[in-house]
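There are 2 protein chains.
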Amino acid sequence: MNEIGSLVNQGLEQSIPGDWSIPSSLREAMHYSLLAGGKRIRPLLVIAAAESMGGSREAALPVACAVEMVHTYSLIHDDLPAMDNDDFRRGKPTNHKVFGEATAILAGDGLLTHAFYSITEASRKFHVPAEQTLAIVEELSVYAGPKGMVGGQAADMEGEQGITDLEQLKYIHIHKTGDLIVFSLKAGGRIASASQEQLRALETFGRSIGLAFQIQDDILDLIGNEQKLGKKTQSDVAMNKVTYPYFIGLDESKAEVDRLTKLAKEAVSGGVIPNPERLLQIAEFLLNRDH
Amino acid sequence: MNEIGSLVNQGLEQSIPGDWSIPSSLREAMHYSLLAGGKRIRPLLVIAAAESMGGSREAALPVACAVEMVHTYSLIHDDLPAMDNDDFRRGKPTNHKVFGEATAILAGDGLLTHAFYSITEASRKFHVPAEQTLAIVEELSVYAGPKGMVGGQAADMEGEQGITDLEQLKYIHIHKTGDLIVFSLKAGGRIASASQEQLRALETFGRSIGLAFQIQDDILDLIGNEQKLGKKTQSDVAMNKVTYPYFIGLDESKAEVDRLTKLAKEAVSGGVIPNPERLLQIAEFLLNRDH
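Just so you know, the sequences run in chain order A and B. The first sequence begins at 123 in my numbering and counts up one residue at a time. The second sequence begins at 123 in my numbering and counts up one residue at a time.
Keep in mind that a hint or two might mislead.
[To be verified] Selected chain B positions facing chain A (Cβ under 8 Å, derived; list incomplete): (1) Leu202; (2) Ile227; (3) Arg381.
Keep in mind the hints are simulated off the structure, nothing from the lab. Nothing here was measured: the structure is a model prediction, and the numbers come from that model. We treat Cβ as the ideally placed atom computed from N, Cα and C, and that holds for glycine.
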């Protein structure tokens with residue numbers, strides 16, 4: 123996983139070439155957040171899904187970088203004063219704290235747009251069929267767009283007025299976080315020319331670990347400690363945000379994470395996916411993380 | 123032109139289907155700005171370029187809508203308090219004035235992402251070859267991204283500290299406005315399977331009218347009147363923004379618009395483009411507009 127992490131960092135570093143004549147503030151702001159660390163879970167999932175199907179890591183890398191660009195843009199915009207108004211992210215000052223709000227908005231816009239460029243690279247350089255690449259573009263626009271991540275974020279903002287039931291919270295989790303995870307798995311599969319059945323297995327895997335991941339976040343936020351998380355804990359409680367444990371309790375939430383993780387593992391280990399080992403490892407890793 | 127305008131409005135209206143289960147604030151905010159009027163110049167250019175090559179209007183329409191979504195997102199984000207802080211746009215309150223900053227940011231993000239979906243539709247529904255559609259996706263990501271429109275916008279923000287020469291101003295004009303116009307023409311050409319030579323002609327046409335359009339804007343801002351423009355005139359002067367007339371004077375600016383318009387017309391009327399009439403009309407229209 124560390125090896126893939128290094129590859130992704132390299133890819134992200136090179137994704138905005140030094141010879142581009144663009145305003146320095148924009149370049150620095152995009153670089154700052156792209157290379158601010160993070161677990162690189164989504165790129166890892168793209169590559170793991172491609173490799174689970176016998177696909178090439180090289181061809182998966184530009185798509186892995188694209189999904190991290192989208193994730194990074196969403197964090198930059200989420201942190202803005204008009205949204206969550208966060209001063210720190212991954213232990214560092216947030217983008218707008220360093221570069222100002224205007225540049226942070228533009229850095230986010232730039233990363234989102236550039237992500238689509240990165241995907242087309244996979245097709246051009248590594249001979250992923252145009253039809254598959256186009257399907258990846260379409261799915262990114264759906265899973266990251268109004269019906270997907272942006273919709274989840276909007277629901278989250280609306281929810282600050284008060285989330286009344288678990289369904290509403292689930293909608294937020296599924297779209298705000300889960301959709302980009304599902305995208306990552308399906309895109310990895312598509313790079314390796316996955317069949318419809320295989321794409322469905324990867325989708326179930328992604329949907330399940332995506333929700334498990336988010337419930338786990340809710341749990342960690344309750345029981346984690348400030349140092350390990352690198353951000354203020356119980357911030358959700360302080361902000362009056364309701365979470366999974368709020369609705370169904372801590373034990374039930376843990377049981378739900380276990381149930382979803384089992385579901386995820388079953389989806390990819392029934393024989394449909396040729397080499398599911400790395401995917402299973404990641405599911406295990408996400409379940410057992412303490413930060 | 124009115125007929126195409128209606129088609130585009132219809133396409134934009136339907137681009138966010140009523141059966142999508144998305145937060146109502148997001149839907150309303152996207153609709154509000156998409157359907158707030160405007161000249162629809164970019165969609166018109168996509169369709170005119172496609173038709174100048176004998177391409178189908180139906181296949182061009184989703185791409186025309188996509189480019190208007192990108193244009194609209196850029197206006198929503200430009201108007202934000204952290205950017206130009208505008209209260210009115212096309213005579214109506216700006217998006218963030220109606221829906222709040224958070225929703226306006228998300229509406230912009232949603233429209234930008236959804237634009238890429240709209241492009242993939244052209245391929246799926248109207249059998250535009252996947253390779254051409256992928257090239258359109260790639261070019262949108264370049265012309266609207268960090269090297270293109272977003273870069274131009276960032277340069278414009280940096281320029282508020284003071285633009286020192288015409289080259290810097292030209293960079294802003296070319297990227298902030300011109301790039302999306304060039305994209306519109308090339309995308310229209312690609313829908314009709316334009317050759318490299320034809321794409322170059324459309325690019326020259328787009329580059330020239332794009333810059334002419336912007337210089338004309340600078341001129342109109344100096345001599346226009348408040349009612350016709352529907353926004354505060356001389357706002358650029360009031361904001362200490364330097365414009366073309368500032369550097370080379372009003373007469374020279376007008377001469378430059380004429381020169382660029384001539385260049386644009388020549389590029390498409392030499393026989394390379396089968397039916398350039400509509401394109402020539404548009405160039406004429408842009409040159410002679412008074413708002």
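**OP:** Mind listing which of the numbered hints don't hold for this structure, in increasing order?
**Re:** Those not satisfied come down to hint 3.
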